[in-house]
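K.L.:
Here is what each chain is made of, one letter per residue.
Number of protein chains: 2
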Amino acid sequence: MPDLSDAAKRLLVGRPVRSERLGHTLLPKRIALPVFASDALSSVAYAPDEILLTLSLAGLASYTISPWVALAVVIVMLTVVASYRQTVRAYPSGGGDYEVATTNLGPRAGLTVASALQVDYVLTVAVSVSSGSHYLATVLPAARDHEAIIAIGLVALIALINLRGVRESGSGFAIPVYLFMAGMGVMALVGGIQWATGTLGTAESAQFDVLAEAGYEEGLMGLAGGFLVLRAFSSGAAALTGVEAISNGVPAFRKPKSKNAATTLLLLGLIGATMLMTVIGLARATGVRFVQDPHLQLAMNGQPVPEGYEQDPVIGQIAQTVFAGFPPMFYLVTAATGLILLLAANTAFNGFPTLASILSKDGYLPRQLYTRGDRLAFSNGIIILALAAIALIWVFDAEVTRLIQLYIVGVFVSFTLGQLGMIRHWNERLPSVVAAKERGAMKRSRAINAFGFALTALVLAVVLITKFTHGAWIAIGLMALLFAVMVFIRRHYQHVADELEIEDVAAARALPSRVHALVLVSKVHKPTMRALSYARATRPSTLQAITVAVDRDAAEQVRRDWDAAEVPLPLTVLDSPYRDLTRPVLEYVKSIRRESPRDLVVVYVPEYVVGHWWERVLHNQSALRLKSRLLYTPGVVMASVPWQLASSARSLVNPDDPGERLGDLPAPGMVRRGE
Amino acid sequence: MPDLSDAAKRLLVGRPVRSERLGHTLLPKRIALPVFASDALSSVAYAPDEILLTLSLAGLASYTISPWVALAVVIVMLTVVASYRQTVRAYPSGGGDYEVATTNLGPRAGLTVASALQVDYVLTVAVSVSSGSHYLATVLPAARDHEAIIAIGLVALIALINLRGVRESGSGFAIPVYLFMAGMGVMALVGGIQWATGTLGTAESAQFDVLAEAGYEEGLMGLAGGFLVLRAFSSGAAALTGVEAISNGVPAFRKPKSKNAATTLLLLGLIGATMLMTVIGLARATGVRFVQDPHLQLAMNGQPVPEGYEQDPVIGQIAQTVFAGFPPMFYLVTAATGLILLLAANTAFNGFPTLASILSKDGYLPRQLYTRGDRLAFSNGIIILALAAIALIWVFDAEVTRLIQLYIVGVFVSFTLGQLGMIRHWNERLPSVVAAKERGAMKRSRAINAFGFALTALVLAVVLITKFTHGAWIAIGLMALLFAVMVFIRRHYQHVADELEIEDVAAARALPSRVHALVLVSKVHKPTMRALSYARATRPSTLQAITVAVDRDAAEQVRRDWDAAEVPLPLTVLDSPYRDLTRPVLEYVKSIRRESPRDLVVVYVPEYVVGHWWERVLHNQSALRLKSRLLYTPGVVMASVPWQLASSARSLVNPDDPGERLGDLPAPGMVRRGE
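In order, the protein sequences belong to chains P and W.
Count the first sequence with full-length UniProt numbering and you get residues 1 to 675, in order.
Count the second sequence with full-length UniProt numbering and you get residues 1 to 675, in order.
One should not assume that every hint holds.
Just so you know, same-sequence chains aren't split out, so a pair can sit in one copy or run between any two.
Straight-line Cα separation of at most 27 Å, DSSO-like style, residue types lysine-lysine; simulated pairs [as the list claims (entries may be wrong)]:
no., residue 1, residue 2
1, K29, K255
2, K361, K523
3, K526, K361
4, K29, K259
5, K443, K523
6, K590, K437
These are calculated hints, taken from the structure and not from any lab test.
Isolated chain P, as found in the complex (with noise of 0.2 Å):
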């Protein structure tokens, strides 16, 4: 019942928006950074942990190739930055990739960036939530063990916020993650100082040795050496994810956009390659060991690990011993970046019904995603992205490690097509150019789309095949079904609008010749006479009041009641042979039809209008089954004609009710629109 819906909204989504009133919320850079940069840095908090993880598999002498493997990576993100910063300047409208693969590619190619987007939305919000858990439970022993179910209720938490609807512009974003930066930042100059000045201590884990895994018994020697410094490659590349949302956000920012986001790019670009290379340093500078099963894997002079041993996160371990002598920065560090990893899981939340909304408005998707006034629109979206992200975490046990084998690979697929987008764009316009100035530029900015092109490719191939059997197989199948389904989806509403396209405009014009109207009476009571008045001011040209004798006596009192209420229209009474409401009204509808198909038969049904939802269980279930049925009989109009109840009035759907006064909260990912 829509209603219902509605009064669930209402409680869980608070009041609509008007839209004047976000019109002045463009973002100022101060702000803009904090609410795209939760996303881009956070990945700080595992993208080196999984580099680690996976080179720890060759033993701990592999982890010396772990900086050249992080500037792998940082090159790669300041190769994407560069790139997008030419994105950015051409297509300031925040279509993003999905635009720029569109417009330049076709449909289909933008379809899959979308796919592929929407796919990494999701595992956005497992990944961050479950590395979030994790970060809890260092500081929260109590946490241990439960990750996945804490992991649970914070995104059924964020979901709900985000429902209820929030202001990303607001102080509540941005304070969290300064103080990210800020710690990372004190961090990264003591742990230098000290490193200078030989006072850095090792971390805990330091005293362990790590054992190869059979089969890498020569290190990173020989094939499979190579292939694990290739995945241990790809997992860093996590690191990647975010940046891409500004690209969707342009319209947020202040006059001049374009040159705006650009900067606030090139400004999470460097931010999160000086942190990514920093945690790995002092890593490598702390001899912190990480590795996928410490109870396996780590051992002290022969011995494996104590029982109670737990593994900390990298940043985590650093943090507790750079601060060795300040316990409250450790717990500082490692709180801000619990939070940020939720912020990054917040801004999926954003993104996600954003595209939702574009791709239906392109047709891809059901038209009520679209109506953006409508927050309930949203909701589908929220809901939809949260079971999604449970599920996952559910299904993995939040084990960040095994989710980020199906992760980014959504994220280079819309790279490489969006860099693709990009060469066709410089190409197209070239030649309509003649200032050489101008055209240098272009040449230049084409050049930058090529290469990131060229990289984002390889790199794409690169997870692919170290990731695919591990897992990124399953982001594959995700795609490819949501793709599919997008199509089926616009494929059909263009089949419905083909169907129901006007060729002839005379016929569609033209009238029917009478009306026959028909006012169903259950009982003689008011609602029943205002739907007799109300059919009687439409003055048809023949008016029939009809009631159904599915129960002899109970027909006998409303011919009694009606003669009583003097009405001047006879009571046809309609024989019921199957007790059955519905039929009999349907049988004299058609007859109607039969004599005169011309004519248009209006059938006038008094609807209670109710308060609370067990009063609609009790009432207008008949009514209700017979419009779903005469809604199949063409040449035929059902005209409800409501009587309010007095417990009406109480309804939350009720427009008069408070609820549906204005409010001021903005729906998901306005902000960042720009609206």
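Chain P is already provided as a structure; the job is to place chain W on it using the hints.
P.N.:
Leaving out everything else, chain W in the frame of chain P:
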């Protein structure tokens, strides 16, 4: 969505049924007996077991008293039968105790009976099916220890069959009942002869000694012992359930209805009584042991029973002994017993919806339970009954002994109030009768009912005292709840009726002065044009086409198409600051109402009629929401102008669909209602 439930209905339930067809299915006694027998006779399958089981707590010696307990049950049974013979004569309409109590003791009493019976219907299903699945386990060892899940499956199966509709008068019902009777008869005969000739063997369990529970050291002597005997009796009284069924089924009998019903009733009573005595007698003669937990209560010269020992139901054990030389008979008797237990459960599925439809006619239950022609009405009752029974089976792990503690409280509440009502009935009629002969008959009837009342009241007291703490309180709690709910529903309907009553006929018949027609335009296509011409056909005082500018470009497109279609009518574009469809229309309608409150506003909404459930997700959402809102504004009529998409032809709701054609399957309970 009603259409969906319709679709489901069609699939599960099949096609409606013409009452004429059932008109001449009035039951001859030979069919009536099996129809009503299953419930009454099946209790022989567990009543004796419960008597022995309860007595066994006081040790083996206490078994000697079992025939006397059974005899007491038989006496009550015959008394009840005698009493009900009066009821069916006085109330041939089939209202049963509910009618008797309501007419003679007032609605409260009637409602008490109704709640009691409804709860007991649930327990009939739970107990019978649980017991049935234990019989299954005796012939099918694989089923052992899975009784609960099997029972649940069986309940679901029976429910499905009844949703589909099944003619109770069919031989599919008669055969197993007669088979059961025959089987029991043969067993009684053969067993009797064997016993007379001293060739009767001893049951397998006869070798065991029954250990008395703590507190019953001195057997049945003392208070505890006496109490135990009463408890045994209460459990044995379960044999009386099903007698009242006939009093509800009088209309189903051939003329002279009452006489035939009375005869069938007597027949049933005698057969039931004989069976009960036979089973108890043979159990004694073959030395059957039946206890709650064999491994605790049974012993062989000091040693507990072997691990693998499984305790079969009493009838099973007897059959095994009597037909030791001829296994097929054993299987036949056990199978027939299991089968009749399922039929007994089926009886409840017929009685429950019947009672529900009577109650809904009196306004105690939602109206849609009344319209019998619509099998969906019964489906609700069937599903509720099934779920409730499944819940009980689940909670009590299909243990008959535990379920039986909740049982028959309801039946005896109904018995007692029914008989009390009958006494009143006779007292009221006596004064008006002069003919001595008739007075004599009446006085006799009254005497019988009076005795019946006294005895059933006594039994009810015993049952309550001995079983309350063992679980009867649950049954009573459920009855109270049902009672409260039904009173509440009745009040609500009354309240609404008062609110809707016509005080001032003239005012009720006043016509709105003018009619403003609004046609909602989302796109310019066939459905819109149809809505437009239909609206024009009703010649309203004013006609306006309105569209909401949720999206600027889209609105512009609509305007262009509008001009292209050369509609002789301006298109009003409503601005939507919240990018929402509903609010602007709502505000606009209200503004019209404000200007001229006595006018009528008719909003024409073009609607798609689709065939698949998923199409509903893709269409009409905003229309639905708009309608649900507009209903709350007085003076507004919502006119749905349906456009049947090609796919709608496929729909199961389509009245031209074969699924809608007349079928010949009766709704549950129709046969016993004599329809």
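K.L.:
Please work out whether the CA atoms of K443 and K523 approach to 27 Å or closer within one copy, between two copies, in both situations, or in neither?
P.N.:
neither (80 Å within a copy, 44 Å between copies)
K.L.:
Is the C-alpha distance from K590 to K437 at most 27 Å within one copy, between copies, in both cases, or in neither?
P.N.:
So K590 and K437 fail the 27 Å test inside a copy (75 Å) and across (60 Å) alike.
K.L.:
Given identical chains, is K29 near K255, meaning Cα to Cα at most 27 Å, within a copy, between copies, both, or neither?
P.N.:
within (10 Å within a copy, 93 Å between copies)
K.L.:
When Cα atoms must be at most 27 Å apart, do K526 and K361 count as within-copy, between-copy, both, or neither?
P.N.:
between (44 Å within a copy, 21 Å between copies)
K.L.:
I want to check one pair: K361 and K523. Are their C-alpha atoms no more than 27 Å apart within a copy, between two copies, both, or neither?
P.N.:
between (46 Å within a copy, 14 Å between copies)
K.L.:
Can you give me the call for K29 and K259, within, between, both or neither, at a CA distance of at most 27 Å?
P.N.:
Intra 11 Å, inter 94 Å, cutoff 27 Å: intra-copy only.
In terms of the numbered hints stated before, the structure departs from hints 5, 6, listed from lowest to highest.
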